[in-house]
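Engineer: So the chains spell out like this:
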Amino acid sequence: MIFNSISYFLLFLIPGAVGFRLLPPALRSWWIAVLGSLFFVYYSVTELAGWLGAACLLLFLWESILSRLYSPASRWCLVGVAAALVSLGVFKYWNFFVGLATSADKNHPWHWAGQFLPLGISFFTFEFIHYAVDRWKGRAERGTIGEYLAFILFFPTMVAGPIKRFQDFLPNLREPSKECALDWRVGITRILCGLAKKFAIADLLTAFTDHLNPTDVATAPRWVLPVWLLAYGMKIYADFSAYSDIAIGSARLFGLKVPENFDWPYLQTSISGFWRHWHISLGKWLTDYVFIPLGGSRNGLAATCGSLLVTMMVSGLWHGAGLNFVVWGAWHGGLLVLQRCWASLVPGESGPIGRAFGWIATFSAVNLGWAFFCMDLPTSMLFLRRLFLG
Amino acid sequence: MKPPKSTTPSPGRLKRLIEHANGCTDWWNDARRSTLPGWIWGLWWTLLLMIIALTCGQSSKFIYIDF
Numbered sequence: 001m002i003f004n005s006i007s008y009f010l011l012f013l014i015p016g017a018v019g020f021r022l023l024p025p026a027l028r029s030w031w032i033a034v035l036g037s038l039f040f041v042y043y044s045v046t047e048l049a050g051w052l053g054a055a056c057l058l059l060f061l062w063e064s065i066l067s068r069l070y071s072p073a074s075r076w077c078l079v080g081v082a083a084a085l086v087s088l089g090v091f092k093y094w095n096f097f098v099g100l101a102t103s104a105d106k107n108h109p110w111h112w113a114g115q116f117l118p119l120g121i122s123f124f125t126f127e128f129i130h131y132a133v134d135r136w137k138g139r140a141e142r143g144t145i146g147e148y149l150a151f152i153l154f155f156p157t158m159v160a161g162p163i164k165r166f167q168d169f170l171p172n173l174r175e176p177s178k179e180c181a182l183d184w185r186v187g188i189t190r191i192l193c194g195l196a197k198k199f200a201i202a203d204l205l206t207a208f209t210d211h212l213n214p215t216d217v218a219t220a221p222r223w224v225l226p227v228w229l230l231a232y233g234m235k236i237y238a239d240f241s242a243y244s245d246i247a248i249g250s251a252r253l254f255g256l257k258v259p260e261n262f263d264w265p266y267l268q269t270s271i272s273g274f275w276r277h278w279h280i281s282l283g284k285w286l287t288d289y290v291f292i293p294l295g296g297s298r299n300g301l302a303a304t305c306g307s308l309l310v311t312m313m314v315s316g317l318w319h320g321a322g323l324n325f326v327v328w329g330a331w332h333g334g335l336l337v338l339q340r341c342w343a344s345l346v347p348g349e350s351g352p353i354g355r356a357f358g359w360i361a362t363f364s365a366v367n368l369g370w371a372f373f374c375m376d377l378p379t380s381m382l383f384l385r386r387l388f389l390g
Numbered sequence: 001m002k003p004p005k006s007t008t009p010s011p012g013r014l015k016r017l018i019e020h021a022n023g024c025t026d027w028w029n030d031a032r033r034s035t036l037p038g039w040i041w042g043l044w045w046t047l048l049l050m051i052i053a054l055t056c057g058q059s060s061k062f063i064y065i066d067f
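Line by line, the protein sequences are chains A and B.
Under the numbering used here, the residue at position 382 of the first sequence is numbered 382, and the numbers go up by one with no gaps.
Under the numbering used here, the residue at position 24 of the second sequence is numbered 24, and the numbers go up by one with no gaps.
Because the hints were derived from the structure by calculation, they are not lab data.
Hints are not guaranteed to be accurate.
Reference listing, derived: stretches of chain B covered by chain A, where coverage requires no fewer than 3 residues with Cβ under 8 Å from a Cβ of chain A [claimed, not checked]:
1) 17–25
2) 44–55
Computed far set for chain B versus chain A, every beta-carbon distance over 12 Å [to be verified]:
3) Arg13
4) Asn29
5) Arg32
For every residue, glycine included, the Cβ atom is placed at its ideal position computed from N, Cα and C.
Okay, chain A solo, but in the shape it has when bound (with noise of 0.2 Å):
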């Protein structure tokens, strides 16, 4: 629950902001900080993992006492990098892992019973990542541990993003905007729309989504199938759109402004355009921390297509810990490669007709290989063999 739900509201945003706003600037951070530890704290223990869930908060102390080493070309840095990926290996992946190694034996010793996920530790993590990156790159400042625990424990992105960088957040920090009254038209206005967006929509088209289990997608009339999956297309847009306008709003209340995470994603005409579109956050971290350091754009058109590959199927596996979220990845990773080998054959811009042929391919491909995201991949497949094959 978290963004719509009641305690958000009354325990956390409103008290949080109001006290933002009339604190004195030396305590803001600390202010964020604090209030970053409790709703961790409190929605580990009521929502999510309990009280050792909760204990993960001393993720966020050892990342920010390690920060305090970072420096330009220091090795600490990679240190950090190491750390968030190892915390973040073990929480997310090791029963992942542990199964693919053991054919998913459940009762081998290596498999991790009690497995549990600590709020927010995909999105976290990478911001760990980005500022021990761009530190040990002399890209960011220091800033103070209390400026960098409000970075990190800024509650309205800690759970699901969207994902910020701390050269864009510190001077927002420092000077917040004191147009309180415009702030908060806004950023009402934007919580508002997302709550109408996640219960008028998202909410309502679980109606359809529920479906998407094995029982139902095979014995299902075929002409639902795709209804179905285009249902979950509008879905996760409401639903995680709505999420975004939720953290955007309530960023907002405070005077502070993070980045946006949807643009019109379904009304782009390449796939390329639509990863620009869609969650935006994410495409551009993918891209400075995974694509440009596999070799980017540099090295010829077969170097390219591999590194998006391996960026994509990156991609995919942060999105969830199992074999089909793999292959979502890799489904658009081989759509990015078909445009770019497309565009190196038939260079320039398209005209009216090949931007509508474009949208139609794009939409298709997309809501297409939402099937590996919403079903474990032995569903996804049956569910593909009935829509083509009957």
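Based on these hints, arrange chain B on the given structure of chain A.
Structural biologist: Quick look at chain B alone, frame taken from chain A:
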């Protein structure tokens, strides 16, 4: 402040209006720092609150929470 008088409706203008009503942009017209009249905001918020009140209570978790 009132939004500027429109000339002809266009997809760009409609997109901008939707984004402004969603709180994605601060101003309907950045150059003039103009927004919609107060009574329209009042109606819009009331409508959104009614939608929320009518449809809440059947909510599920956000999809990205478990990531």
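Engineer: Which numbered hints turn out to be false for this structure?
Structural biologist: Violated hints: none at all, because every hint is consistent with the structure.
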